[in-house]
Amino acid sequence: MKKVAFKTLGCRLNQYETDALASQFQDKGYELVQFDESADVYVINSCTVTHQSDHKSRNFINQANRRNKNSVLVVTGCMANNAKEELESREEINYVVENDQKTSVFSLVEAHFDGEIIHPSKLNADLFSYGATDKGFHTRSMIKIQDGCDNFCTFCIIPSVRGRAASRPIQDILTNIREVISHGAKEIVITGVNIGRYEFEGYQFDDVVEQILNLEGDFRLRISSIEPDGFGEKFLGLLNHPKMTPHLHLCLQSGSEPVLLQMRRMYTAKRFKEIVQTVRAKNPDFNITTDIIIGFPNEGEEDFSATCDAIKELNFGHVHTFKYSIRKGTRAERMLNQVDERIKTERSEILRNLSDEIKVNYRKSFIGKTQSVLVEKIEGNIANGYGEHYIPVQFTGENIEKNQFYKVKITSIEDGSDPVLKGEII
Amino acid sequence: MRSHKVIEIRNLTSSTYIIRMEKNDFTFKTGQYITLGFSGSIDRREYSIYSSENDNFLEVLIKEVENGLVSKKLKRCKTGDYLDVDGPFGHFSLEESEIGRKKFLFIATGTGISPIHSFVETHPEMDYRVLHGVRIEEEAYEKDSYPNGKYILCTSREKSGDYHGRVTDYLLKNPIPSDTVCYLCGNCHMIYEAYDILEKQGISLGPIHTEVYF
Ligand SMILES: Cc1cc2nc3c(=O)[nH]c(=O)nc-3n(C[C@H](O)[C@H](O)[C@H](O)COP(=O)(O)OP(=O)(O)OC[C@H]3O[C@@H](n4cnc5c(N)ncnc54)[C@H](O)[C@@H]3O)c2cc1C
Ligand code: SF4
Chain A
95 MKKVAFKTLG CRLNQYETDA LASQFQDKGY ELVQFDESAD VYVINSCTVT
145 HQSDHKSRNF INQANRRNKN SVLVVTGCMA NNAKEELESR EEINYVVEND
195 QKTSVFSLVE AHFDGEIIHP SKLNADLFSY GATDKGFHTR SMIKIQDGCD
245 NFCTFCIIPS VRGRAASRPI QDILTNIREV ISHGAKEIVI TGVNIGRYEF
295 EGYQFDDVVE QILNLEGDFR LRISSIEPDG FGEKFLGLLN HPKMTPHLHL
345 CLQSGSEPVL LQMRRMYTAK RFKEIVQTVR AKNPDFNITT DIIIGFPNEG
395 EEDFSATCDA IKELNFGHVH TFKYSIRKGT RAERMLNQVD ERIKTERSEI
445 LRNLSDEIKV NYRKSFIGKT QSVLVEKIEG NIANGYGEHY IPVQFTGENI
495 EKNQFYKVKI TSIEDGSDPV LKGEII
Chain B
2 MRSHKVIEIR NLTSSTYIIR MEKNDFTFKT GQYITLGFSG SIDRREYSIY
52 SSENDNFLEV LIKEVENGLV SKKLKRCKTG DYLDVDGPFG HFSLEESEIG
102 RKKFLFIATG TGISPIHSFV ETHPEMDYRV LHGVRIEEEA YEKDSYPNGK
152 YILCTSREKS GDYHGRVTDY LLKNPIPSDT VCYLCGNCHM IYEAYDILEK
202 QGISLGPIHT EVYF
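Quick note, the sequences are listed as chains A and B, same order.
Taking my numbering, the leading residue of the first sequence gets 95, the next gets one more, and so forth.
Taking my numbering, the leading residue of the second sequence gets 2, the next gets one more, and so forth.
Derived from the structure by calculation, the hints contain no laboratory data.
All figures in this text were calculated on a predicted structure; none of them were measured in a lab.
Glycine is no exception: its CB is placed at the ideal position from the N, C-alpha and C atoms.
Hints may contain errors.
[To be verified] With the Cβ distance kept under 10 Å, some of the chain B side facing chain A (calculated, not the full set): (1) G88; (2) G91; (3) H92; (4) H190.
Start from the sequences, fold in the hints, and give me the full structure.
What follows is the structure in C-alpha cells.
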C-alpha cells in the first residue's frame, strides 16, 4: 500500500482542500501517514500570506525531500502561484500545482506512478470539484462555498494568488452538505476566501446561510473566517438560529481609522464595533475572534494604541497577530513610511500579552456554564473536543464516542496562555 | 484580462491626461475601477473609470505622480497602442434606489474626481453638488462638464477657486444637511478628516461611500 503525507500551511480553505485531497487518496487505497514519517507521496499545501509562511513552506519542502529522496513531492497552494518559477526550478519538487488545479493532485500522482508525466498546466482548472472530506484530518466537515477575492486590500497578496472571486452554485453546496450530514457529519464549517461576498444567480451569503440552517439533521453550522464587509443585517439575525454556533472569526486588522483607510478595508473601526455590539446584545458570551496586522506602513503610536483599545473594548476570544510583511506587487509595498522591524516586534509583544490576557479572561467566564462538545479525540477515558463557542474542552467519561455531542458542565480551566476548559458530562 | 486599443489622449495639464480606449464588450457599474498597464507588462495600477456607463468608449483620468512608475509610462502611450484592462472592481457605487430620491454631495481631491465624473455623466438627472479640492485652478479637470452651480472648486494654494482653502475647511464653514448622501474619493487624509466632520454633522456613511487612492 502506498503512503501519502500532507502538510498544510495557512488558512481554513487550505485545510479544507487538504482534507478533501487526503480523503481522495485514502479512498483510492493510499495509507495516510504523518508528515514526519517516510512516505511515497508528500503534498505540501503552501501559504504565502507573510514572509514567515514562505519560510515555513520552504522548510517543509526541504524536510520532505530529506525524508525520502525517491518520493513524489507535490507543492501546491498560494506559494505555488506566487513563486512558481522558483519552485519549478528546484529539482527535488516533482510537481508545482497552482490553486485552480489543486483538485487534480490525485490524478497527477496516479499518472506519475503509471509512468505518465503530465505538466500541471494541462490539468483541468476547477475550484470546487473536491470530493467529501470524511477521511481527512478534521471531525468538522468543511464545505467550500467560494474562492478568490476582489477586495484588493493594499497589504494582501491573496487576490493575486487565489484569483478573482468565484462562488459555488448554491444547489451544489446544499447537495454537498446533505451528503456529509447523511454520512454522519455533526459540524459543518463553511469556508472560502471572502465568503461574505458570496454571490450566485442572485443568492447572497445570508441566503446560503439561511438555506443551510433550514436543512434537516442533527448538525451545527460554523462560519469560518469572514470579513466585516459584504454581509448585512439579515446575516446578523441568523446568528441566533439554534443550529448556528456562537462564534465568528471577524477580521479587524487594525483599530485605527486612518490605517483601515490606507489598507482599503471596506469598513470603519466604528462599524466593526457596532457589529460586535449587535451580536453581543443578543448573546453576551458570543465568541468573536480576530486577526490584527501590526506595523502596517504609517502605523504610528496613536494608531497602535487605537488597536490596543479596540482589543480591550471588544473582549475577543482570541486575537491572531501578524507582523506586517511586504508582499510583492501589493499597493502597500510602494507605501512610504514602512515601520521599523524592531518597533513591529515591540508592538507584537505588547499585543500578544494583551490578547493572551483577554483570551484567558474570556475562557474563564465559561466556568459554571454548559458547552455542547463535539468530541474529536479520545485517549483512555479522556475526551477532547470543541464546544459551540469554539473553545477547546476536555472531560472524562466511559464509552465516549468520537464525533458525538456531549453536554459538559465547565468546572475549571488549565493554566497557560491557550488554556483548555475542563468539565464534567451532565 | 482584455486588451483595449487607445483611441485618443487628452492632455489636461502638463501632468494630467485622459486616455480614451475602445470599450469593446466591457461593462461596469459607474464608480468602479479597472487595473491598467501596457499589454503584457506586469506593472499595473488601479484607475477609476472616468467615462459614463453609457459611453461607447472607456476613459481614465490619470495624473503623473512624481517618481511614479506606471502613471509616467502610461503618459507616453499613443493612439493605436494596446493596454491591458482587468476588472471592473470595487464597491464605490450609487444605490439605485437613492438616485432619483436623494440629494448627493460628491467630495473629491485631485484625480479623485474621476468616478464622480462618471457618476454624474451616467445619471445627469441626479440632484447633486461636487466639491473638488485641488491645489491650483488648472487642476479643475474639465469643470465645464458640470452644469452651472453644481461644481464647487476649493483651491488650497491660490485664491482662484470658488473657495480658498481645503474641502475640509469648506465643510466646516458650510455644514451639510444631514439627509445628504455623501461620497468621498481621493487621498486618505482628506477622507479621514471629512468623514469625521460629516459624521459630526449627522451624516451616516457606509463602506461604499469612500474610495481611497493613496
Ligand atoms: C481604487 C483606486 C483608484 C485609483 N484611481 C486613480 C485615478 O483615477 N487616477 C489616478 O491618477 N490615480 C488613481 N489611483 C492611483 C493609481 O493607482 C496609482 O497609485 C498612481 O497612478 C501612481 O502610480 P505609479 O506607478 O505612477 O506610482 P508608484 O510607482 O506606484 O508610486 C510612486 C510613489 O508615489 C506615491 N503615490 C502613489 N499614488 C499617488 C498619488 N495618487 N498621488 C501622490 N503620490 C502617490 C507612492 O506611495 C509611491 O511612494 C487609484 C488608486 C486606487 C487604489
Ligand atoms: S478581503 Fe482583503 S484581506 Fe481578505 S482576502 Fe480579500 S484582499 Fe485579502
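Here is how each hint holds up against the structure:
{"no.": "1", "hint": "G88", "result": "holds (8 Å)"}
{"no.": "2", "hint": "G91", "result": "holds (8 Å)"}
{"no.": "3", "hint": "H92", "result": "holds (6 Å)"}
{"no.": "4", "hint": "H190", "result": "holds (8 Å)"}
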